[in-house]
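Q: Spelled out, the chains give:
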Amino acid sequence: MSKLRVKFIFNDSLVQEPVIWQLSQKFPVKTNIRKADIRDDIGWVTLELEGEEADLLQGLEWVRSTGTEVELATGDVVE
Amino acid sequence: MAYATALKCRECGREYPTDPLNVCEFCFGPLEVKYDYEAIGQKISRDRIQNGPLTMWRYEDLLPVDAANAVDLQTGFTPLIKATNLGRLLGLDHLYIKNDAVNPTNSFKDRVVSVAATKAVEYEFKTLACASTGNLAGSVAAHAAKAGMNSYIFIPSDLERGKVVGAAIYGPTLVAVDGSYDDVNRLCSELADTYPWAFVNINMRPYYAEGSKTLGYEVAEQLGWQAPAHCVVPSASGSMFTKIWKGLHEFEDLGLIPKVNTRMHMTQAEGCSPIAAAYLAGTTRVRPVKPKTIAKSLAIGNPADGYYSLKVIEESGGDATIVPEEEVVTGIQLLAENEGIFTETAGGVVISGLKRLVESGAIKRDEVTVAYITGNGLKTLEAVESVVKSIRINPTMKEFHEAIPNP
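Residue numbers (the working numbering), protein chains in the order written: chain R, 1 to 79; chain L, 1 to 407.
In case anyone wonders, no lab produced these hints; they're calculated from the structure. Note that the structure is predicted; figures quoted are calculated from it, not measured. Ideal Cβ placement from N, Cα and C applies to all residues, glycine included. Just to be clear, a hint being listed does not mean it is correct.
[What the hints assert, rightly or not] Subject to a maximum C-alpha distance of 27 angstroms in a straight line, what follows is the list of computed DSSO-like cross-link-like pairs (lysine-lysine):
| no. | chain 1 | residue 1 | chain 2 | residue 2 |
| --- | --- | --- | --- | --- |
| 1 | L | K311 | L | K292 |
| 2 | L | K290 | L | K163 |
| 3 | L | K43 | L | K259 |
| 4 | L | K246 | L | K311 |
| 5 | R | K35 | R | K3 |
| 6 | R | K3 | L | K8 |
| 7 | R | K35 | L | K290 |
| 8 | R | K3 | R | K26 |
| 9 | L | K34 | L | K126 |
| 10 | R | K3 | L | K126 |
| 11 | L | K311 | L | K290 |
| 12 | L | K259 | L | K364 |
| 13 | L | K163 | L | K292 |
| 14 | L | K398 | L | K311 |
| 15 | R | K35 | L | K364 |
| 16 | R | K35 | L | K8 |
| 17 | L | K34 | L | K246 |
| 18 | L | K311 | R | K35 |
| 19 | R | K3 | L | K290 |
| 20 | L | K146 | L | K126 |
| 21 | L | K43 | L | K8 |
[Claimed, not checked] Sample of chain L residues at the chain R side, in silico, Cβ under 7 angstroms:
| no. | residue |
| --- | --- |
| 22 | V23 |
| 23 | A131 |
| 24 | S189 |
| 25 | P288 |
| 26 | P303 |
| 27 | A304 |
[As the list claims (entries may be wrong)] Here are some chain L residues pointing at chain R (derived, C-beta under 10 angstroms):
| no. | residue |
| --- | --- |
| 28 | G29 |
| 29 | P30 |
| 30 | D182 |
| 31 | C188 |
| 32 | E190 |
| 33 | N201 |
| 34 | A236 |
| 35 | S297 |
| 36 | A299 |
Bound-form chain R, shown alone:
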């Protein structure tokens, strides 16, 4: 099992969509929310994802396909 700490950013058209719930329904990925700030026009959620590497990758690809921005919560590590 792998873990990833990520940040999802939703623009105004996605703020009301249950993207995280859908992620856990479509893929065998555990979602563990740690921090969030949701407003009318933008929202972000920091969460830990746990699952098999292939499921995590496919899950993140699906999240991106919804228009949600996905970042590593800790920033880039390639320097």
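Fit chain L to the known structure of chain R by using the hints.
A: Chain L in isolation, oriented as in the chain R frame:
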């Protein structure tokens, strides 16, 4: 002896023991080293520092490791050069260049890696690791060699040959990763969670980052125990920018220098300028970008310390400048042709950014200004090849005089 007492979350304030950790387990905020400044204050003095080694380890009391264990390639205490020619050209009477390109592996990364490697030895890690596009790779491999550790260096598979060789020569396990920049970031984050390795800028990051404070200490000491009016600094993750500021303030708080009135100016190249762009847009939300710049050592699209460096700009009354890509090489040439210092592309960003700051009136003629040059030009030869214009002749006086009639 080290005076680090804990790691503290910069977001929620939770404290942790000084273990190999980089993020808060609760909120995923970044962790920072907390010190016993009272104890440090009882021991540190200008004399004690001046009697120390001519390296960054003269500031051992303010680093989170025991200097007796230092993995040291003789890093730091690099020259602070009065740049009279460049100053005259730009209209500055007190311009200084902090030439950190002369460190053992030719970049400022030796400062941070020396601290991270030392901490890794203290934790009894056997392997030092990093993901890098250049400067960090060479420094990690060199420090691992010195410490007798194994090293794993992860690089994008399209990295320039010179940089690959510059790391490979120290004998690490070099892993070239096919995939996007995001893929390499994700893979290395997972590897750091999986293997008992000291990933210098992941699980060692709180200690690693502290090494950059010495860039603030040295400049203050070399200016005769005072902070400059302006620091002009290149930024990728934003970490070094925040740590120079922290270093200057630690010196002030410990009574080693008078009050700090330094304005911190950040320079980024147009092709990867997420922090400067946020500053210019008046927001603290740093939007990640896909880097596309010739200043590859500054190509961090999702900067970990972006928010904190914006706070430093605000607190210090500084500025941020975006340098057009075509001005990067111009900056390299300006420094080389006027001061005899050959810097890599990040230094070109600094010099062109400095020029813009002077032109905008942010920096005045009589103010003490320090421009930080953090890497050697030999690392990015491909960026400046177009400026080479030699005259080719046969070895005769006749041909020389034909080519150059009035030498």
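Q: Which hints from the list above does the structure break, by number from lowest to highest?
A: 14 and 15
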